[in-house]
Structures are given as structure tokens and as C-alpha cells.
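Asker: Letter by letter, the chains look like this.
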Amino acid sequence: MVNRHVVGAHYGLRDWIAQRATALFMAIYTVIFGICALTLPELSYDAWSGLFSNGLMKFATFLFFLSLFFHAWIGIRDIWMDYVKPAGLRLVLHLITIFLLVGYAGWAAQILWRL
Amino acid sequence: MSKRTVQFKIYRYDPDKDAQPYMQDISVELEASDKKLLDAIVRLKTKDDSLSFRRSCREGVCGSDAMNINGKNGLACLTDIDKLAQPITLRPLPGLPVIRDLIVDMTQFFKQYHSIKPYLVNNDPAPERERLQTPEDREELNGLYECILCACCSTSCPSFWWNPDKFVGPAGLLAAYRFLADTRDQATNERLDNLEDPYRLFRCHTIMNCVDVCPKSLNPTRAIGKIKDMMVRRAV
Ligand code: SF4
Ligand code: SF4
Ligand code: FES
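First to last, the sequence lines map onto chains A and B.
The opening position of the first sequence corresponds to residue 1 in the working numbering, with each subsequent residue numbered one higher.
The opening position of the second sequence corresponds to residue 1 in the working numbering, with each subsequent residue numbered one higher.
Just so you know, these hints were derived from the structure itself, not from any lab.
Hints may be right or wrong, so weigh each one.
Unchecked claim - Derived EDC-like pairs (lysine to aspartate or glutamate); straight-line CA-CA distance at most 20 Å:
#1 B:Lys-166 <-> A:Asp-15
#2 B:Lys-216 <-> B:Asp-165
#3 B:Lys-228 <-> A:Asp-15
#4 B:Lys-111 <-> B:Glu-190
#5 B:Lys-36 <-> B:Glu-59
#6 B:Lys-228 <-> A:Glu-42
#7 B:Lys-3 <-> B:Glu-31
#8 A:Lys-85 <-> B:Asp-197
#9 B:Lys-117 <-> B:Asp-197
#10 B:Lys-226 <-> B:Asp-193
#11 B:Lys-36 <-> B:Asp-14
#12 B:Lys-9 <-> B:Asp-34
#13 B:Lys-111 <-> B:Asp-193
#14 B:Lys-9 <-> B:Glu-59
#15 B:Lys-166 <-> A:Asp-82
#16 B:Lys-226 <-> A:Glu-42
#17 A:Lys-85 <-> B:Glu-146
#18 B:Lys-166 <-> A:Glu-42
Stated by the list, open to error - Covered by chain B, according to a simulated footprint, are these stretches of chain A (three or more residues, beta-carbon under 8 Å):
#19 37-46
#20 74-86
#21 101-113
Claimed, not checked - Pulled from the structure, derived: some chain B residues nowhere near chain A, Cβ distances all over 10 Å:
#22 Asp-18
#23 Tyr-22
#24 Asp-137
#25 Ser-159
By construction, the Cβ of each residue, glycine as well, lies at the ideal position given by its N, Cα and C atoms.
Bound conformation, chain A alone (with noise of 0.2 Å):
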């Protein structure tokens, strides 16, 4: 039994697509977002806040951070497959990261929805 190697876990094109559409639309975000910020009229804080008070804003960027914490889950995940061996261990560090992962879209959530 130990010596059995299972593989053939059906996710792995799924993963390697997002993978890249994530990157794609965080590329085309940091370049929308760049105009943006640059095209401020001033750097107050009454000019940022008035600039993610725009829903489309916020929603593209909470898309962002789903998109760069999806993103992550994927790296982190391949660095976990890599290296660590035991299948337990993996498992435990692949619940840490997601449990991370998601409490961070949550707060990002929150800030977003703040200002």
C-alpha cells in the first residue's frame, strides 16, 4: 500500500488556466488602475475615497484581490506539492493556506465596502 503512487486528480488544467486568467486580468486591473490614480486631480484622501466610492471601481477591485488570492492558492498550493512529502502534512498546510487566503478576501471586502 505505501508503495502504491496515486495520481490522477482531474484539476490540474482547470488550476493552470486560472492560473493565467487571473494574472491576465490583475495585468489589465494594475494598468486601469494606474491611469486612475495618476489622473487624480489631488492625492487626498477625499480624492482616493472619491475614486472607490464608484462602484464599477470597487467591484473590479475586489475582483482583483479574488484574483490575486486565487492566484496565490495556486503558487503556494505548487510550492506545498514540490516539497513537502508527507501527504498530511501537505494536506494541513493546504488548509492553512486556503483558511489565509479567504480570511484575507473577507477583510479586503471590508475595507473595500469602508471607504
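Based on these hints, arrange chain B with the ligands on the given structure of chain A.
Answerer: Relative to the frame of chain A, chain B with the ligands by itself:
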């Protein structure tokens, strides 16, 4: 022509005698006809016959004399001795268990190769002579079928070092694409299913060490990309 002396630093390990592997400093005088690294190692063996290594064809066809030469995997028989910095450091292929000196245990490598079913699957009754392909279809197999399974690529791939039991590795994936690209093969779906896995194919992080070392100038990374293309085309 004056005689040349070549300095070597060679990884030596005989599990029956040595507690630990060690690096042996040794030099050898070459004959004028000794052009390739393999010639020099064969010459060296006349001086120290305990040195063990594999070789057969001595012309880059059999794939048996792959080793780590001055830090880079390659075939001794295709490497010009005069182009190597001295002392020439020879080590066994990295990442595989050493049996003795420069000889490694290739079991894991061939296990991965066999796991992709490296043979044509076609359930139609065999034609009287042969299964024909158009020249364009045949063209697709160029750059794939030439692989001699020397393992230079897979043993230079960090992803293969970390997960040799789960990641197919560049050599196996190149072979997998060789059959995916073959118009006579009927098992395309099964082959893609077999690789649709976070480990077997997607452990490749496009580091491209494999392309860098292949003595046959093949490009496993491109083949891996084409397998991913096929999967995307199948899925969307
Ligand atoms: S792809 Fe190249 S390096 Fe890899 S096993 Fe085949 S011939 Fe050797
Ligand atoms: S491109 Fe992929 S297969 Fe080739 S060395 Fe890098 S990780 Fe390994
Ligand atoms: S001896 Fe056959 S490939 Fe070098």
C-alpha cells in the same frame, strides 16, 4: 602531434567498498585519435579499470553514456574533449540513485516513460502493408521521435528531482506528445486523461533546463506546451 594530458575529477562510489562517495583526481594521456570525452574515459579505464560507466554505440544513438559533465548533463560520446574546461568534473546524472560511479538506476525514469503508453494504440484491423500518413501528418512527428531516452533532460529538471514518482518528466512528456501528435493513434482522449493531473503534467514550471541539455536538440518544453494546448482545446 604532441600527446595531450587531460585532468579529471570523477565521482567515485562503490557501495561494496566505500562508506561515502568521493571525488577522484586523475589524469590520462590521450592518443591523437581521442576526440570525444568518451574516448578519454575509455582511455582512462585502461589506467584504472575499477571506473564504471555505461556506453555502447559511441555515436549518440543509444543514449547510455549520459552523465553530468562540468555541471551540465550530456552524452560523453558527443562532447568534444578540447572544448571542456579542466579538470573535467564528471558526476552521475543528478537525482537518480547511484549504483556505482557514473552508473545510475534508471528504473524511475523508465517507469514514467512506460506510464504514458509509448506505443501506437489503434484498434482497427491492421492493413495488409502499413498504416499510411500524409507527408504533412508525418511532419508533425519530427522533433519528437528522435528521442534516445538518455535521461539528460529529466535528470536536469527540478520538478523531476522533487517528484520523480509522480511527475512524468520532460522525456516521458515528449514521448506522450509524440503519440498524441500521431494521426494513426486512436487513444488521444485516454492519453490526455492520463496526464490531466496536477502532478503528472502540471508539475512542469517551464524552467526549460530540459531544452538546454538535450543532446539531440529536442524541445520537451514545446511538446509540453502543445499537450496543454490540446487539453485546452478539448475543454473549452
Ligand atoms: S528528450 Fe533529449 S535529453 Fe531527453 S531523453 Fe530524449 S534525447 Fe535525451
Ligand atoms: S520545462 Fe518543465 S520539464 Fe523542462 S526542465 Fe523545466 S520543469 Fe522540467
Ligand atoms: S555511447 Fe551511445 S549515446 Fe553515447
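Asker: For each hint, tell me whether it holds in the structure or not.
Answerer: Structure-based check of each hint:
As the CA atoms of Lys-166 of chain B and Asp-15 of chain A are separated by approximately 18 Å, the hinted pair is consistent with the 20 Å bound. Proximity of Lys-216 of chain B to Asp-165 of chain B is assessed by CA-CA distance (about 25 Å); at most 20 Å being required, the pair is judged violated. Distance hint between Lys-228 of chain B and Asp-15 of chain A is fulfilled; the C-alpha atoms sit about 12 Å from each other, no more than 20 Å. Between Lys-111 of chain B and Glu-190 of chain B, the direct Cα distance comes to roughly 18 Å. Compliance with the 20 Å bound is thereby established for this hinted pair.
A distance of roughly 10 Å separates the Cα atoms of Lys-36 of chain B and Glu-59 of chain B; the hinted pair therefore holds under the 20 Å criterion. Simply put, Lys-228 of chain B and Glu-42 of chain A have alpha-carbon atoms about 47 Å apart, too far for the 20 Å limit, and the pair is violated. Taking the CA atoms of Lys-3 of chain B and Glu-31 of chain B, the gap is near 6 Å; set against the 20 Å cutoff, the hint holds. Restraint check for Lys-85 of chain A and Asp-197 of chain B: the C-alpha separation of about 17 Å stays at or below 20 Å, so the hint holds.
Under the criterion of a C-alpha separation no larger than 20 Å, the hint pairing Lys-117 of chain B with Asp-197 of chain B is consistent with the structure, at around 16 Å. Between Lys-226 of chain B and Asp-193 of chain B, the direct Cα distance comes to roughly 15 Å. Compliance with the 20 Å bound is thereby established for this hinted pair. For the hint linking Lys-36 of chain B to Asp-14 of chain B, the alpha-carbon distance of about 26 Å lies beyond 20 Å, and the restraint is violated. Restraint check: the Cα-Cα separation between Lys-9 of chain B and Asp-34 of chain B comes to about 19 Å, which is no more than 20 Å; the hinted pair holds.
Note on Lys-111 of chain B and Asp-193 of chain B: the hinted pairing holds, with a Cα-Cα distance of about 18 Å set against a maximum of 20 Å. Among the hinted pairs, Lys-9 of chain B with Glu-59 of chain B is inconsistent with the structure: their alpha-carbon atoms are about 24 Å apart, more than 20 Å. Of the pairs offered as hints, the one joining Lys-166 of chain B and Asp-82 of chain A holds, with about 10 Å between alpha carbons and a cut-off of 20 Å not exceeded. Annotation: proposed proximity of Lys-226 of chain B to Glu-42 of chain A is violated, straight-line Cα distance about 49 Å (limit 20 Å).
With a C-alpha separation of about 34 Å, the suggested pairing of Lys-85 of chain A with Glu-146 of chain B is violated against the 20 Å cut-off. Using a Cα cut-off of 20 Å, the hinted pair Lys-166 of chain B and Glu-42 of chain A is violated, with the two alpha carbons roughly 55 Å apart. By the rule of at least three residues with a Cβ nearer than 8 Å to a Cβ of chain B, the coverage given for the region 37-46 of chain A is violated, with 0 such residues. Counting residues of the region 74-86 of chain A whose CB lies closer than 8 Å to any CB of chain B gives 4, so the stated coverage by that chain holds, three being the minimum.
Under the rule that three or more residues need a Cβ within less than 8 Å of chain B, the assignment of the region 101-113 of chain A is violated, with 0 such residues. Non-interface status of Asp-18 of chain B relative to chain A is upheld: no Cβ of that chain comes within 10 Å, the nearest being about 28 Å off. Taking the minimum C-beta to C-beta distance to chain A, about 28 Å, the non-interface status of Tyr-22 of chain B holds against the 10 Å cut. Distance check on Asp-137 of chain B: its Cβ is at least 25 Å (rounded) from any Cβ of chain A, clearing the 10 Å threshold; non-interface status holds.
The Cβ of Ser-159 of chain B sits about 7 Å from the closest Cβ of chain A, inside the 10 Å cut-off, so the non-interface label is violated.
This entry does not satisfy hints 2, 6, 11, 14, 16, 17, 18, 19, 21 and 25, going by the numbered hints stated previously.
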